[in-house]
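Undergrad: Chain by chain, the residues run as shown.
2 protein chains.
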Amino acid sequence: MEFMEQRILRDGQVRPGNILKVDSFLNHQLDVDLLDQVGKAFYDRFQGRGINKILTVEASGIAIACLTARYFHVPVVFAKKARSKNIDGDTYTSLVHSFTYGRDYTVTMAKKFLGPNDTVLLVDDFLAVGKAMRGLIDICSQAGANVAGIGIAIEKGFQEGGKELRNQGYDVFSLAIVDHMEDSGEIFFREA
Amino acid sequence: MEFMEQRILRDGQVRPGNILKVDSFLNHQLDVDLLDQVGKAFYDRFQGRGINKILTVEASGIAIACLTARYFHVPVVFAKKARSKNIDGDTYTSLVHSFTYGRDYTVTMAKKFLGPNDTVLLVDDFLAVGKAMRGLIDICSQAGANVAGIGIAIEKGFQEGGKELRNQGYDVFSLAIVDHMEDSGEIFFREA
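Quick mapping for you: the protein sequence lines, in order, are chains H and C.
For the first sequence, counting from 1, position 16 maps to 490 in the numbering used here; every step adds exactly one.
For the second sequence, counting from 1, position 3 maps to 477 in the numbering used here; every step adds exactly one.
Rather than coming from a laboratory, the hints here were simulated on the basis of the structure.
Hints should not be assumed to be uniformly reliable.
Which bits of chain H does chain C cover? Going by a derived footprint, with three or more residues having C-beta under 8 angstroms, they are [to be verified]:
| hint | region |
| --- | --- |
| 1 | 535-541 |
| 2 | 628-639 |
In silico EDC-like pairs for lysine to aspartate or glutamate, Cα to Cα no more than 20 angstroms straight-line [claimed, not checked]:
| hint | chain 1 | residue 1 | chain 2 | residue 2 |
| --- | --- | --- | --- | --- |
| 3 | C | K586 | H | D505 |
| 4 | H | K585 | C | E665 |
| 5 | C | K637 | C | E665 |
Positions of the beta carbon are idealized from the N, C-alpha and C atoms, including for glycine.
Based on the provided sequences and hints, a complete structural model is requested.
TA: In C-alpha cells form, the structure reads like this:
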C-alpha cells in the first residue's frame, strides 16, 4: 500500500546482503501511528473470516499484532524465542532458521493458548525466506488451528517465502513488496 | 488500580519461587483491551511532562509501550536483548541480570534513537528486583536523556526494585503492587 511504500522510500536504508533497515519506524524505534495504519489495513482485508486470535513471533511482530488486534478486539498470542523459567511445560515447539540472526532457534507457544477451535491471522513485520512464518504455521498445524490469512508489513519479493506460501494456498497480504534493491540505495517495489 | 488487581485475582496464578504467572493476559497471550487501559492510565498519570518517547525492553514490554504511545502520539524505542546481524554498530549497551531467565544478558539500543534532547517514560510489564529497569535507566544515562517517569503494570512489592527506585527519586507508578502471595494461591495487594 502507498503509505508503507512511501515510508520505506523515505526512511528505509539498503545495506549489503540485501538487508533493508527499517529500524527507525518498524522494528527498533516504532512509529505507532504508522503501525496503527498497518493494523487497520489488516483488519479491512481480513475481517469477516471469524478470526479470533492474532498470532506472531516475538519481538518485532508484537507491535503490529497488538495494533491489529485492537481493531479485531481479539487476543494476541506471540510465539517466544528464548527459553525462560516461566513458560509452561506444555508447549508447541518448532525449529526456525533465522536469516536475521544467522542461526537456528526454537519458537514455543503454550498449548493452552491455541487449539482446534481457533481461527487465526498470522502477522509479522517482514516476510523473506519465510522461516519464521513456517514456524508459526507449524505451531498452528500442531494445534489444529485454522490459518485464515497472513498479514505482512514488508515482503522481500526477491526471496521465495511469499511465493511459496501463496502457491500453497495461503492468503498472504503484504503492504509493500520489494522487487529489488540497488547498491545505490534505490528501492523498487512490485505490485502488492 | 482496581482493573489490574481484579484481572490478577481472576487470571493470575501463583507458582513456587514467588512467581506470578499472568501469561493469559499480559505476557504470552495479550488482552489488548486491557493493555489499552494500561496505556490510558499511564497517559493520565504522565501527560504534560514533555515526554517525547516511550522506552521499554523487548519483548513483554513492547505491547504496553505501544498502547501507551498511542495516547502520547510519540515513538516507542525498545532495548533489544539478542545480538542480531541487523543492529547498528553504534549502540548503547548495559548488562542485566534477569530473575526470569536466571542469567545475565545485555540490552542494546541504537544511539541514533536516544539523546540528550529526549524526555522519556520507561514502561514494563513487571517490576521486581528492578534489573531490567536499571538497564534502561543506565542506557538513558549514557544517552543524557531525561527520565520523566516509570510506568509498571505489576510490581512485586516484596522485592526491592520499586522501593529503591522511589528512594532515588524516580516517579514509579504501578497499576498493582503485590504485597505477598500464599502457597494456597491467594494474592494480596498493597496500596499503589
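Undergrad: Does the alpha-carbon distance linking C:K586 and H:D505 stay inside the 20 angstroms limit?
TA: holds (15 angstroms)
Undergrad: Has the given pair, C:K637 with C:E665, been kept, meaning a C-alpha gap of at most 20 angstroms?
TA: Holds - the C-alpha atoms of C:E665 and C:K637 are around 13 angstroms apart, at most 20 angstroms.
Undergrad: Please count how many residues of the region 628-639 of chain H have a CB within 8 angstroms of a CB from chain C and say whether that reaches 3.
TA: violated (count 0)
Undergrad: Assess, step by step, whether the Cα of H:K585 is no farther than 20 angstroms from the Cα of C:E665, and give holds or violated.
TA: Given pair H:K585, C:E665 is violated - Cα atoms ~35 angstroms apart, limit 20 angstroms.
Undergrad: Under 8 angstroms between beta-carbons, do enough residues of the region 535-541 of chain H, three at least, approach chain C for the coverage claim to hold?
TA: holds (count 5)
The structure is inconsistent with the numbered hints 2 and 4, although it conforms to all the rest.
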